Structure formats: structure tokens, C-alpha cells
Amino acid sequence: MAKKPLGSTFTDVLKTFFLGRQRATLSILEEEQVQSPYRTMLRNFREKWSAMLGVYMFLAIFLAVFILPIFFPLDTQFQDPTQQNTRPTFSYMKYDKALQGNVASIDGGSVFGVGVDRDGKLYQWGTLSAKLQKMPPADKRYVQASAGLDHAVALDADGKVYTWGNDRFTLNMIPPELSSRKVKQVIAGHQISIALTEGGEIYVWGNSNLISIPVPKDKQGTFTKVVANTTLAAAITGNNELVILSSRETPFSYIPSEIQGRVRDVDLTERSAAAVTTDGRIYVWGGDDYGVMDIPAHAQGRAIAVSAGRGHFVALLDDGSVVAWGRNNYKQTNVPKLKNIVSIQSSYYQNYAVDKNGRIHTWGLKGYLMGTDQYGRDLFVRLLTGGRVTLTIGALAVIISAIIGIIIGSFSGYYGGKTDMFLMRLAEVVNAIPFLPLAMILSAIIGSRISETGRISMIMVILGLLNWPSLARLVRGQILAAREQEFVTAAKAMGITEMKIIFKHILPNVITVVLVNLTLSFALSMLYESSLSYLGFGVNEPNATWGNMLYGCNDSTVMSLYWWRWVFPAIALSLCTVSINMAGDGMRDAIDPKSIGR
Amino acid sequence: MFKYVLRRLVYIVVVFLIGSVLIFSLYKSVPGDPARLMIEGNKANMKPAEYEALYRDAVKKLGLDKPLVVQYFTWLFNTLRGDFGYSLTYKMPVRQMIGVPMKNTIMLNVWSLLPVFAITIPLGIATAVRRNTRFDSTVQVITIIGYSLPFFVIALLFIFLFAVKLPIFPISGVQTPGLRGTPGRMFLDKLYHMALPLLVMVFTSLGGLTRYVRATMIEALSMDYIRTARAKGLTEKVVIYSHAFRNALIPFITIMTGWFISIFSGSVVIERTFLWNGMGKVIIDALNQQDFAVSLAMVMFYLVLSLVGNLLMDLSYGLADPRVKLN
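Line order of the protein sequences matches chains A and B. The first sequence begins at 1 in our numbering and counts up by one. The second sequence begins at 1001 in our numbering and counts up by one.
A few of these clues could be false.
[As the list claims (entries may be wrong)] Derived lysine-lysine pairs resembling DSBU-like cross-links, with alpha carbons at most 35 Å apart:
no., chain 1, residue 1, chain 2, residue 2
1, B, K1028, A, K418
2, A, K366, B, K1028
3, A, K134, B, K1165
4, A, K356, A, K134
5, A, K134, A, K121
6, A, K184, A, K219
7, A, K225, A, K94
8, B, K1003, A, K418
9, B, K1190, B, K1237
10, A, K15, A, K500
11, B, K1091, B, K1047
12, A, K184, A, K134
13, A, K356, A, K184
14, A, K331, A, K225
15, A, K160, A, K356
16, B, K1237, A, K48
17, A, K97, A, K339
18, A, K366, A, K134
19, B, K1047, A, K131
20, A, K94, B, K1165
21, B, K1190, B, K1165
Everything labelled a hint here was simulated from the structure, so no lab data went into it. Note that the coordinates shown come from a computational prediction; the quantities given were computed from them, not determined experimentally.
Full structure from sequences and hints, please.
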């Protein structure tokens, strides 16, 4: 037999499809030869632009959701209320150009930043709420500014305090005592503001229900510096002693006794504290997570200042370089190469370092490509991992239903009679009940006994178990038509076992139709999975799928104010199902000889 | 014919029995004790002995003390008599509770029928006649997009456009809360609330149905009698609408059965998104509140509905197409 022409086998078709057309030089006789059915199908398919577009779109989505999560891993347990519902932007550290080389004070808030230049002008950047945009009067000469969760505080050259942004929880009510005192440091914290006067007194105002910061009477008047996190504050007294300002006993209270009287600088993450002593050593105590205790060895004995974000520490060394350690989920400890730094300021996930020329260097969280959801989780990362889960569930559900459907359909079609009758009645029962309600009931009954991760496999099985009847019916019809053909009679005459006849002789003849059907039901499975998850009966939090990312989005606040929470998952899911259906539709037309219309 | 119907009825009974056993075992595998759930609220203000007595009464009342087979048959006969059990959340029999949602669902679905058919049938015919033209391929792509988009995405989009950006319609609900007025006024208010879900429902049905009409029309147009009709010199209008379309309607009967069932079942997703108090929402609420009696009663109801629907479909095939012999 002569060499087989290219494209005559199914493998060839796949090869040509994904690697492009490999032109073989053909003689005129070969050119005019009748094409193999697979080749005709391939040609028909490639001629249909919508089908090819569908294939390319799906491949792009597939590669994105299976490869990108390697670079953007999802921590399902991660939540951060300070980052909730922030819009897509990369402007958290995009400070005003005028500040560059001229900065006097700079600070980062949850999703924005504030700064003061050497001329006393106040700047802010990042995601600013309507209230934050109402800045204090521009004609004052500011010397320091601090940004908090959703408000900011500034201090002018006369020691007067200004606050803007969130004005609830009495945040806008600056204590009257401050009007007669000169303030030297202000802090905007988590719904709380703190002012430290020249006289060493600390005044606190804001949401005292959430955080209560008691100032010991005997220490009042001795403080030189104060820092705060979302639960408490810490202050250094004139004789380098450290005081934790909290009404409760917390891990923060266990200050290493050897540092008392030698504390030069201090800062707090959410669960731990770090202090720098006068001899340059760094001490960390409190909760040991995200590696906050792993102080870089070369920093010991050389530190002069420390600053902390939500879960990481940054220290300034005596040679003007900067080290960082601790939580690194937003690259907040990846310090660029810096020298001649004179001050550092870290907060939340942002870091600012100012060198001796007043130039600003930044690293850490710039913002979110697709914003964050109601728990402060990065939507882009959830979208990628969610897509992987959705596609996997869809694919495995289709495989399960394909196995059941092909087996039942084949037996039913080949044997006929009582088997056929019984199996088709079974298919009728399963098919009779509306799909979503039945899947929901099964999910509610089984789902209450298994873990959240177990639910993912459960949904696959439920979808697979309920989806087979249509395929079984299709296979049955195809087999019914094929079993009376001569090659089956011949196979029977040769004494081949029935199993072999069904699965090796008949099935390959009907496999194209089955493949088309599987492609279309892949899209359908994804739709069902996302509908179930959208209704709250599929995969639940904290696991992500495209469906459950839309759970609870049919609410006017989310719809209008937090549009990124529903727009991106909806687009991703729609693009994916549309592309699969376009490809599947093209395949169906390609294998149907009638569709060319000749 | 009569023999055929009889045989089909026997099938229906068999399938119904298989289905009912499956559903009953599902019902029994539900975690939790329905008797305890029934008297749940009374525990705090009762002596333990009284509570125990009440519990035993509840067990007896629900028939939980009898063997499973007896329970199954009691349940089956009750269901057949139309007694679908007792809703724990609504504290009333399921049959009584289901009335209003059923009416809402039927109302929404019946209203959506007219625009759906008014759009899809002409569009399907037009694309079939102008097959493989630019118009056809454009409509084909649009309809693929139409039926690929998840219902809830379309619903969210419509809410965003017509309730948030342009506040024409209410976001959700069946009726303005606390509205009292003449029946006419109440009805208008209901229509106003129905507009957006109706729009979404029509929109989601367009894609699939247009493609179906197109496929059946193409099938019909390729028949020999069409060639004959054209050869006879009939105008194209007569050929398409009189010869082809009537024959294309036959497979339509399958679709009609689907509609017949969905009129009563309601779309879970749309009713949940628009908080439309229909059958779909009843199922979701029942599942969320562990009120399994309601949801399983509804599954039984769907089962019967679809079995009857299938029978009607086959019978109407026989009536519509003289070539189909029922036996």
C-alpha cells in the first residue's frame, strides 16, 4: 500500500490542527484525490471563522487559568478587611511628582497614601473615597501627615491637627485639649487617631468601641513616640522605655525585659511587635507567623529604625540600606537595591523609603488588577484559580457522564429488547426531573456531611450522574443504525466477542458525533456548575469558582458601586462558554456532510 | 391507538414507582430528625417528660415508628391523594403553601411565551431561507452567544442596565411592599415588577429556540416536496410558509413539551436573582431552611408532570404527523 496521505487519521488531524498545516508536496493525481472524511471535516472546520475563533479563545483561557495560577497562587484562607471592595487600580503608591526629591513626610494608608513636601504642601494619592477627597485647607503649612484605614490626619507647623476622610465614630472630633497644646506627631490608625504633644502627652480619639487605647496616668507627659496597629498602640517614653497601650493582656505585653530603657524605635504588625534598641539590635515578640521572627542576621546590631506593615517588618540600617522580612504575599518584603536612605515608612502593604536627597523609593502592593471582593481578596487571583476549578469540574463531570452515557447507550442500542427498555426508562426518570432543582437537592443532602473541598468532587459526580441520559440516547441511536451494517455482521461471523464488537468496531464509527456532543455538554456542565455555585449549592467559600464569585452580586450596592466584583467573573465565564460552544458548533457542522449545502 | 395509550400508561406507572422509590430513599437519607424539627420551638418552655411525650406524639403523627416499607406506602398514597406533607418553615401543608408561588411562576412563564415565539419563529425561518449568507452567520454567532451566556450573567446585566443605571424597573420582588389598592392597581404593580424577569426570560430563550427553528426549517426545505412545489411554479412565499413551515412545526412539538413542564417549574436562577416568589424560589428556600418535605414533594410533582408531558408529546406526534404510527 502506498504512503497514507496526510490527514487521513485522527492523530494527523489533531497534529495538523495544533501545529498548523504541514504542506506535503502532492502529485496532481494525489491533489485531486478524494479526501478522507477526517480531512474533509478538518477543512470544513478551519473554514468557519467562528469555530476557529472559539478554539483560540478557549485555548487562551485554558492556558491562562492553568498556567498563571502557578505565578499567582491563591491562599484560600487569606482575608483582609482593610482591603475590602477596593476598585481596580495600581495607584496606591503613585505619589505626586512634586513630592519626588522634596518630601518631608510620607505615609501609606489601607489603599491610599498621603505626603507633605518641604514647602508644607499636602498631597494624597491612591483610591480616595468621596470623603477623603475633601482635603483640609491648602493655605496652611503642613509638616506631617498620616493615613489610616479610611481617614487621614495632618499636622501643621503651628502644631495644629487636621483630619479628613471618614468622619464617623467621632473621628472628626479632635479633642479640645489639643487646641491649647502643640502637637508633634499624629497617627491615623484603624478608625482611630492619635496625637502626641510636645509635652509628651498622648491623646486618642475615634472608634473607642473597637479599639480602646488607655494611656497610663503616671506615664502621661513622658512619651516621645507612638505607633499603632488595628488593635492597640505602643509608645516610647523619654527614658527609652516601651509601653504597650492596651486594656487587655495580649502577646504584645510580653516585652523582652532586657530592652526596657534601651528602646530607640518600635512598630507593630497585626500580631507581633519589633523594637530597635540603642545598640542597633532588633527584637521581635508576639505571634510568630509569616516568618516575622526570622530577622536577617546582618541587620542585628546595625539597625536604627523599624517600620511595620500588616504582617512584615522593614528596618533601616546604619549604612543607609534597608532590609525587610515577614509576610510576602504582595511582595512587600522584596526591597529594591537602596542606599543613603534616611527614613522608612511601611504601612499595610506599602513601603516608602526616603533617601538623603528627599527622593522616594517604593515597593509592595501597588493595587489590584481587578480590585478586591468583600473580604479584601484579590479578585484577579481568585478569577484564575476559580477558572481552573470551574474548568476542571466541567471536564471531569463530562468524562463521568461520557463513561456512563457511552456504556449505557452502547448496551441499550446493541442488545435492544428488555435491556434497552430498562435502561431507557432509567434515562427517562433521570431526565424527567428538572436538572437544577434535582442537583440542588442532592447537593444539599450530601453536601451537609462533607468538607468544603469534598464538595468540589461531589459537584463533579452529581453533574456527571445527572447528565448522561442525553448522551446515552445519542449513542444508542448511532449504534442502532450501525449494528445492522455489514461490517458488524462480518465481525459476528468471525466470532468476535460482543464486547469487542461494541467497543472496537461500532464505537469508533460513531465517536465523532459523541465528541461533538461532549464538547457541547462540557460548556453545559460549566454552566450548571456555575449556576449551582451562584445559587449557593455548588462549591462554596473559601474555594473560588466563577459561579460562586457571583454569589450575592444581585444587590444594588454591589451592582453599582462594586461593579468589578461581578463584571470580571461574568466576562470570564461567558467568554469561556461562548468559545466552547462556538468550537462545538463548528465541529457539528464540520462532521455533518449536509451542512455544506451541496 | 387505545392499546398504545394503555401501554404507555403502564410504563408511566412503572417509571413513577421507580422514581418514587428513589425519591423516598433520598428523603430518608436526609440528615436530621423531622419529628424533632417539628416540635423544635417547644423545648425551652417544657418539662423534659412533657417534651418526650410530645416527641413520641410527633413520631407517631409522622409515622416514623413504623417499618420503612409501611412508611413508603403511606407516603406514596398520601402523595397520590395530593397530600404532599407538611412544610416546617411555613407551618402549613405543602399543598396549601404552594398555591401563590405556583400562580406567580405560571404567570411569568405564560407571559414570556408570546414574545419568544413571535421573535424566534420569523427569525429562524429567515435564517434558514437565507442560509450561509452573511445575515445567517451573524445571527448564528449571536444566538450561540445568547445560549452560551449563563442566565444569571444576563440577569445581572439587565439589572445593571435597567434597574441600576437607568432606574426604570424595580430590582427585585413581586409586589411593592405594603401596597394596597384596587385589584387593577395591584395587577399593574405586579406587571411592573414582572417586566425585568420577563425580559431576561425572553432573552435567554431566544438563542436556543431560533437555532432549533432554523434547523427544522433547513431539514424541511431540503425535502423533495419543496422541489416539487418550486417546480410547480409556486411563489417562494407559499413554498416557505405553507409547505415547509407546516412540516417544520412537527419537531416543534418536542419543544412544546419542554415548555409545558417549565411553565410550572419555573427557572431557579431567574427567580432567585429577582427574588420572584415562584416555584424555583420555593425550592431554594426549602433547601436553605432544611425543609426537605417541600422540595421532595416538588420533585415528585415534576416527575409526574414530565411523564404526562412525554405521553402527550408522543400522542400529539401521532396527531400532527400522519406518517407517525403509534404502536
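Tested hints:
1. B/K1028 / A/K418: Answer holds: B/K1028 to A/K418 is near 30 Å, not above 35 Å.
2. A/K366 / B/K1028: 54 Å, violated
3. A/K134 / B/K1165: 26 Å, holds
4. A/K356 / A/K134: 32 Å, holds
5. A/K134 / A/K121: 15 Å, holds
6. A/K184 / A/K219: 17 Å, holds
7. A/K225 / A/K94: Given that 35 Å is the threshold and the Cα spacing comes to 28 Å, the pair holds.
8. B/K1003 / A/K418: Measuring from Cα to Cα gives roughly 20 Å; hence the hint holds.
9. B/K1190 / B/K1237: 41 Å, violated
10. A/K15 / A/K500: 28 Å, holds
11. B/K1091 / B/K1047: 23 Å, holds
12. A/K184 / A/K134: Holds: A/K184 and A/K134 sit about 24 Å apart, inside 35 Å.
13. A/K356 / A/K184: Satisfied, since the Cα-Cα distance of roughly 22 Å is no more than 35 Å.
14. A/K331 / A/K225: The given pair, whose Cα atoms are some 28 Å apart, holds under the 35 Å limit.
15. A/K160 / A/K356: OK: A/K160 and A/K356 at ~27 Å, within 35 Å.
16. B/K1237 / A/K48: 30 Å, holds
17. A/K97 / A/K339: 21 Å, holds
18. A/K366 / A/K134: 23 Å, holds
19. B/K1047 / A/K131: 57 Å, violated
20. A/K94 / B/K1165: 31 Å, holds
21. B/K1190 / B/K1165: 22 Å, holds
Of the numbered hints listed earlier, those contradicted by the structure are 2, 9, 19.
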